[in-house]
Structure formats: C-alpha cells, structure tokens
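Top line first, the protein sequences correspond to chains A and B.
The first sequence maps to residues 1 to 191 in our numbering.
The second sequence maps to residues 1 to 191 in our numbering.
No wet-lab data here; the hints were simulated from the structure.
Some hints here could point you the wrong way.
It does not matter which identical chain is meant; a pair holds if it fits inside one copy or across any two.
Derived DSS-like pairs: lysine-lysine, alpha-carbon spacing no greater than 25 Å straight-line [claimed, not checked]:
| no. | residue 1 | residue 2 |
| --- | --- | --- |
| 1 | 80 | 95 |
| 2 | 21 | 112 |
| 3 | 81 | 95 |
| 4 | 10 | 112 |
| 5 | 44 | 2 |
| 6 | 10 | 111 |
| 7 | 111 | 21 |
| 8 | 43 | 2 |
Chain by chain, the residues:
There are 2 protein chains.
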Amino acid sequence: MKLLEERIRKDGTVREGNVLKVDNFLNHQMDMNLFQEMGKEWKKLFADKTINKVLTIEASGIAIAAIAAQYFDVPVVFAKKAQSINIAGEVYQTKIESFTHKKTYDVIVSKKFVGPEDHVLIIDDFLANGCALLGLIDIVEQAGATIEGIGIAIEKGFQQGGKIIRDKGYDLKSLAIVDSMDNNELIFREQ
Amino acid sequence: MKLLEERIRKDGTVREGNVLKVDNFLNHQMDMNLFQEMGKEWKKLFADKTINKVLTIEASGIAIAAIAAQYFDVPVVFAKKAQSINIAGEVYQTKIESFTHKKTYDVIVSKKFVGPEDHVLIIDDFLANGCALLGLIDIVEQAGATIEGIGIAIEKGFQQGGKIIRDKGYDLKSLAIVDSMDNNELIFREQ
Chain A
1 MKLLEERIRK DGTVREGNVL KVDNFLNHQM DMNLFQEMGK EWKKLFADKT
51 INKVLTIEAS GIAIAAIAAQ YFDVPVVFAK KAQSINIAGE VYQTKIESFT
101 HKKTYDVIVS KKFVGPEDHV LIIDDFLANG CALLGLIDIV EQAGATIEGI
151 GIAIEKGFQQ GGKIIRDKGY DLKSLAIVDS MDNNELIFRE Q
Chain B
1 MKLLEERIRK DGTVREGNVL KVDNFLNHQM DMNLFQEMGK EWKKLFADKT
51 INKVLTIEAS GIAIAAIAAQ YFDVPVVFAK KAQSINIAGE VYQTKIESFT
101 HKKTYDVIVS KKFVGPEDHV LIIDDFLANG CALLGLIDIV EQAGATIEGI
151 GIAIEKGFQQ GGKIIRDKGY DLKSLAIVDS MDNNELIFRE Q
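If we strip away everything but chain A, and leave its shape as in the complex, we get (with noise of 0.2 Å):
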C-alpha cells in the first residue's frame, strides 16, 4: 500500500536493533485517516472473504482493527494481557513471547466472544517474529473458530513472522513489508 510506505519514510525512523519507531502515526499518536485507508484496504484485499467478526490484541492493535472493522461492518474483540488468571474455563488462554518486553504473557479471550460459527479477520499492527499472531491463532483454534485472513500494518519482511504465517496457509496481507532497513534506508517488498 504506497499510503502507509510513503508515511513510513515520511514519519518513521530507524533505530539500532532493527528498531522501526512509528509512534507518531501508527502506536502511539495514530492517524485515523490514514487507519481508514488501510480499512478499504483490507476490504478491498478480502472482498471475497464473509468475515463477521475481527479480532486483535491490546494495545497497539486495537485502534487500527476498531477503524478497519467499520468497513466489514463487524464487531471487534481484543485479546487481553492477563494480570492474574482466575477465572478458568470461561476464557481461551495462551502464551506470548515478547521480545521487545523479554517477558512471557498470557493472552485471554471470553469464550462468550469466539465460537465455531465465526469467521474471524486477525488485525494487528506489526508482524516480526510472529509471536502475537501467532497467540491469537492459538486462540481461535481453541475456539473452532476460521480464520478468513489475517491482515497487519506493517510486516518485517526480514524476521521469520510472516514466512511462517503463511507456510501455515494462512491468509496474510501485509499493508507494507520492510525487506531491509539497513543503514537507514528502508526498502519495501513490492507486492
């Protein structure tokens, strides 16, 4: 989506470690003009999916699934980073890796909220090592749920995310795939 990448070279900023600092437009301040565009985006991107019902994970997530769900004219559901778990069996439970925290969090989601009769579309902002996604993947397996497509923001096309996403079959489209951002200059896979 030449929106999102010329915003990326416009705004963003290559940090050491790989780091892409997008927090003036995408996860911390955000641009729900350009979280609109990338709604029709992925409308357009699955216009032949029945998808009744997008689900995303806290914090980052959440804005961006919440605008792109107006277009599908669906509800949201976020996971939720679990402070203390005590109340098992109502809620899918998994474990994610974070590698930008170093820690290991559980992930809830009501089992009021995800069932065999849904049609999900995972949303999310960043895929790296693909750890979120594949948290909320667990999640809607748990839940006999399908997974219609998976659409994220921006995709790191150098960490091993995205290829095990889709070795897996399942349905991914990335907005923009940074391929290398070495010395600073950024270079978008085309698409």
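Once you've looked at the hints, dock chain B against the given chain A.
Okay, now just chain B, sitting in the frame of chain A:
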C-alpha cells in the same frame, strides 16, 4: 444517551460489589455501530469547542476514542501503562491507582505528542472513582495543553469521580450515568 442506556439494560450485567459488566459490547467485544453513535453524540455535545487531539488510555478506551476521533477529524494519542521507565525526560508520567487490580501503575505519554498548542478532548469508557481520568488530566496539564472537554461512555454516578471532575470545572459529558444498581435494577440519571 438513550441508545447507550437501552443497550446497558439489554446487554449489561450487574455483579456483586457494584460491578457493571458490559464486556459484550463495550470493553472486550466492541460494537462499532454503537461507538459511531457515541462519537456523533460527543461531536454534538462538544460542537462549540475547537479540538485538535483526542487523548485516551489503554486498553479499553482506545477503540471508543478512535471511532469518536473520526467525527472531530483529529488524531488520537493513547497513554501507555508503563512496564519500566527508562526514558525519563522524553515522557510525561503520572501514577494511577487501580481499584480493580489493586495496584498503582505508571502511565506515560511521549512529550512529542501533547504540547501547549494542543486543545484536547479526553475520552474513556468508564468513570467511577476518577483515578484514571485524574491521571490523564495531570498529563495534559504537565504538557501545558488545554482540556476542552471530557467524554465518558458510562459514569457510575454513585461513586465520587464525576463530582470531583465537575467540581474542578471540567466540561465532563458522560453518555450514560448510572445512579444506582441496587438489587440488579439500573437507574440512570436524567440528563
């Protein structure tokens, strides 16, 4: 706002300890059509204000703020619950006491995204004792920005938060104020 009150009556559940559970449409599974109507309502209620930014706090305020911000055509900034503070000088920081989780946590907003030139609308899902909101107000005041208004989805009118905030002179608009929920009977304040 009648639509929200009716939805709370229909889909909300009162639990012991004055807990109002609205996780099937407001803060776990989220109804975008309802959020759109809430956004339009705040736009009407704050029609005379010049607003250039919406501020909220992760996680359950984000989707409501994002959808509402579309009607003001402004970006959203969300305050982050900090895991570790090692970016002193770059962020505004405040402490918020959570009665639900019985802990105090640090909340941060990058100084890049709120400054003296900003006219802020604060949006959140719930107002009870007011701790989260007072934290957001503290951040906006640290930034020297102007608080043009505060939009809350559901206020618990029998707790102190609303009175504290209004007594400080802030223009607080709650779309539904629950004045009592004794014996499972919801009584809303006439507005």
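Query raised in the report: Is it within, between, both, or neither for residue 10 and residue 112, if the alpha carbons may be no more than 25 Å apart?
Result: For residue 10 and residue 112, the Cα distance is within 25 Å only across copies (16 Å; inside one copy 42 Å).
Query - Within, between, both or neither, where residue 111 and residue 21 count as close if Cα-Cα is 25 Å or less - result: between (35 Å within a copy, 15 Å between copies)
Report task. Give the relationship of residue 10 and residue 111 under a CA distance limit of 25 Å: within one copy only, between copies only, both, or neither. Result -> between (42 Å within a copy, 20 Å between copies)
Query raised in the report: Is it within, between, both or neither when you check residue 80 against residue 95 at 25 Å Cα-Cα?
Result: Cα proximity of residue 80 and residue 95: in one copy and across copies (11 Å, 21 Å).
Query raised in the report: Given a CA cutoff of 25 Å, do residue 81 and residue 95 count as a within-copy pair, a between-copy pair, both, or neither?
Result: both (9 Å within a copy, 20 Å between copies)
Query raised in the report: Taking 25 Å as the upper bound on the Cα-Cα distance, should residue 44 and residue 2 be classified as within, between, both, or neither?
Result: Within. Shortest intra-copy distance 15 Å satisfies the 25 Å Cα cut-off; inter-copy 35 Å does not.
Query raised in the report: Within a copy, between copies, both or neither: where do residue 43 and residue 2 come within 25 Å Cα-Cα?
Result: Within one copy, since 16 Å is at most 25 Å while 32 Å is not.
Query raised in the report: Are the CA atoms of residue 21 and residue 112 at most 25 Å apart within a copy, between copies, both, or neither?
Result: between (36 Å within a copy, 13 Å between copies)
Of the numbered hints given earlier, the model fails none.
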